[in-house]
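K.L.:
Here the protein sequences come in this chain order: D and H. Residue 391 is where the first sequence starts when you use the working numbering, and the numbers rise one by one after that. Residue 391 is where the second sequence starts when you use the working numbering, and the numbers rise one by one after that.
If you're looking for bench data, these hints aren't it; they were derived computationally from the structure. Just so it is clear, CB atoms sit at the ideal spot from N, CA and C, and this is done for glycine as well. Any given hint might turn out to be false.
Calculated cross-link-like contacts (lysine to any residue; reagent style SDA-like; alpha-carbon spacing at most 25 angstroms) [said to hold, decoys possible]: (1) D:Lys558 / H:Ser586; (2) D:Lys558 / D:Asp547; (3) D:Lys558 / H:Asp526; (4) H:Lys558 / D:Gln524; (5) H:Lys558 / D:Asp488; (6) D:Lys558 / D:Ser477; (7) H:Lys406 / D:Thr484; (8) D:Lys558 / D:Pro429; (9) H:Lys558 / D:Tyr589; (10) D:Lys406 / D:Ile459; (11) D:Lys558 / H:Pro532; (12) D:Lys406 / H:Gly523; (13) H:Lys558 / D:Thr587; (14) D:Lys406 / H:Thr484; (15) D:Lys558 / H:Gln524; (16) D:Lys558 / H:Ala520; (17) H:Lys558 / D:Pro532; (18) D:Lys558 / H:Tyr589.
Beta-carbon label-pair distances, calculated as ranges [stated by the list, open to error]: (19) H:Glu393 / D:Asp457: 45 to 51 angstroms; (20) D:Ser503 / H:His501: 38 to 44 angstroms; (21) H:Asp481 / D:Pro429: 26 to 32 angstroms; (22) D:His467 / H:Gly464: 46 to 52 angstroms; (23) H:Gly417 / D:Glu430: 55 to 61 angstroms; (24) D:His467 / H:Glu505: 38 to 44 angstroms; (25) H:Ser448 / D:Gly428: 36 to 42 angstroms; (26) H:Lys406 / D:Tyr407: 33 to 39 angstroms; (27) H:Leu479 / D:Arg433: 25 to 31 angstroms; (28) D:Arg410 / H:Glu505: 35 to 41 angstroms.
If you want the footprint, here are the derived chain D segments under chain H, 3+ residues with CB under 8 angstroms [as the list claims (entries may be wrong)]: (29) 508-519; (30) 537-549.
There are 2 protein chains.
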Amino acid sequence: MAELSATSGIPVATIKYYLREGLLPAGERSGPNQSLYGPEHLRRLRVIRGLLEVGGLSVAAAHQVIDAIDSDLGLAHTFDIAQRTVSPLIDPATLSADAVAQVDEALSGWHVSPENPGRLAAARVLQTFAELGQPDLSGWVPGYAAAALAVAEADLDEIDVRDDRESKTEMVVIGTVLGDALFAGLRRAAQEHVTSTRYAGGAR
Amino acid sequence: MAELSATSGIPVATIKYYLREGLLPAGERSGPNQSLYGPEHLRRLRVIRGLLEVGGLSVAAAHQVIDAIDSDLGLAHTFDIAQRTVSPLIDPATLSADAVAQVDEALSGWHVSPENPGRLAAARVLQTFAELGQPDLSGWVPGYAAAALAVAEADLDEIDVRDDRESKTEMVVIGTVLGDALFAGLRRAAQEHVTSTRYAGGAR
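Extracted from the complex, chain D is given alone in its bound form (with noise of 0.2 angstroms):
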């Protein structure tokens, strides 16, 4: 474990914190006091820091993640768990008609089923503006759905290009968590970039 640690840069500490929560499987005892971890547990370990620090999952959360990697199923039923693990749980009967409309029709002409998580979400936040005194948005989501739509076409593309079911299904569990964070990131630099260029003399 002090090797699997030093190798990782990750405390024992929190080694075996991640041991103990079951997310990262016991080593091969090879004497009383010591296991063997290959370079599987290495992997899996960073996984599972991606999936925490990186992503902000819970422990509850990164568990259904890593269950869905060591699972057999399709790509679909593995981008739905992924989906509401990351998704906050949201009743639709909490939800405005208003604010199911609006995202309705921000996907009018997508598959998408009615309890999908992130159909709700986007609900919910969009209600979340109305009650914030900023009921009409008509000008600002529609760009956000296409934008949406350009991602989701390159998070299957890249997934398209994967050989294996495994690393398909990494990339799904992992582009998922991930690629929020990644867009978050680079949503912000390109709002730098946009209002340095709009607002250049330094205007309110």
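Go by the hints and put chain H onto chain D.
P.N.:
Frame of chain D, contents of chain H only:
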């Protein structure tokens, strides 16, 4: 306060908590056990709830965002505060040169300062991918950068159409926080659409 709770749908205990934390300004004292709350309290209450519950901010982070709304800062500066609040704090020294180079390639031609929190956050994500054995995302990242630019243009368009400084600033801070959640939701809906289109036969 009972009335404020009834109108907003937010429990009295939660309102008291926001008052204690200094997120919500105190009402005007109108008696030994009574204070007057106006429409500005209602609006602020909803902003707080949106930041904490939908945006997932900590109380301390919500404080910074609300201070920015109440301040007299220029738009670029307000953006900067809103961005720092919702971005993970990253020490550039912990980033690999490879990951930073990958991000800078994606941002080439953009006016982005080296310490932009989004640039650092995106580099951290790409570094995590590399640590997970996914070092080559050169086919994937450019689609994200193009979409992020389109979204940032939509963000600034929406700010530009607003008349007064307060509602511009509100959109900067609320849009920065809630825009991530909106995009993530739309992305998941788009993923279901694209997946169901490409893998219509249940292929893996």
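K.L.:
Does each hint fit the structure? Answer for all of them.
P.N.:
Hint by hint, here is what the structure shows:
1. D:Lys558 / H:Ser586: 16 angstroms, holds
2. D:Lys558 / D:Asp547: At roughly 11 angstroms apart (the allowed maximum being 25 angstroms), D:Asp547 and D:Lys558 satisfy the hint.
3. D:Lys558 / H:Asp526: 14 angstroms, holds
4. H:Lys558 / D:Gln524: This hinted pair holds, its Cα atoms lying about 11 angstroms apart.
5. H:Lys558 / D:Asp488: 24 angstroms, holds
6. D:Lys558 / D:Ser477: Cα-Cα ~21 angstroms, so holds.
7. H:Lys406 / D:Thr484: 24 angstroms, holds
8. D:Lys558 / D:Pro429: Holds, at about 19 angstroms.
9. H:Lys558 / D:Tyr589: Holds. H:Lys558 to D:Tyr589 sits at ~13 angstroms (cutoff 25 angstroms).
10. D:Lys406 / D:Ile459: 21 angstroms, holds
11. D:Lys558 / H:Pro532: At roughly 20 angstroms apart (the allowed maximum being 25 angstroms), H:Pro532 and D:Lys558 satisfy the hint.
12. D:Lys406 / H:Gly523: Judged against 25 angstroms, a Cα distance of about 23 angstroms means the pair holds.
13. H:Lys558 / D:Thr587: Roughly 17 angstroms between the alpha carbons, so the hint for H:Lys558 and D:Thr587 holds.
14. D:Lys406 / H:Thr484: 24 angstroms, holds
15. D:Lys558 / H:Gln524: Distance of about 11 angstroms is within 25 angstroms: holds.
16. D:Lys558 / H:Ala520: The given pair, whose Cα atoms are some 16 angstroms apart, holds under the 25 angstroms limit.
17. H:Lys558 / D:Pro532: Roughly 20 angstroms between the alpha carbons, so the hint for H:Lys558 and D:Pro532 holds.
18. D:Lys558 / H:Tyr589: Holds, because 13 angstroms separates the two Cα atoms, which is no more than 25 angstroms.
19. H:Glu393 / D:Asp457: 45 to 51 angstroms: 48 angstroms, holds
20. D:Ser503 / H:His501: 38 to 44 angstroms: At 41 angstroms between Cβs, range holds.
21. H:Asp481 / D:Pro429: 26 to 32 angstroms: Roughly 28 angstroms apart at Cβ, these two residues keep to the hinted range, so it holds.
22. D:His467 / H:Gly464: 46 to 52 angstroms: For D:His467 and H:Gly464 the Cβ distance comes to about 49 angstroms; the hint holds.
23. H:Gly417 / D:Glu430: 55 to 61 angstroms: 59 angstroms, holds
24. D:His467 / H:Glu505: 38 to 44 angstroms: Check passed, 42 angstroms falls within 38 to 44 angstroms.
25. H:Ser448 / D:Gly428: 36 to 42 angstroms: Given a distance of about 38 angstroms, which is inside 36 to 42 angstroms, the answer is holds.
26. H:Lys406 / D:Tyr407: 33 to 39 angstroms: 36 angstroms, holds
27. H:Leu479 / D:Arg433: 25 to 31 angstroms: 27 angstroms, holds
28. D:Arg410 / H:Glu505: 35 to 41 angstroms: Since D:Arg410 and H:Glu505 have Cβ atoms about 38 angstroms apart, the given range 35 to 41 angstroms holds.
29. 508-519: holds (count 11)
30. 537-549: holds (count 12)
Of the numbered hints given earlier, the model fails none.
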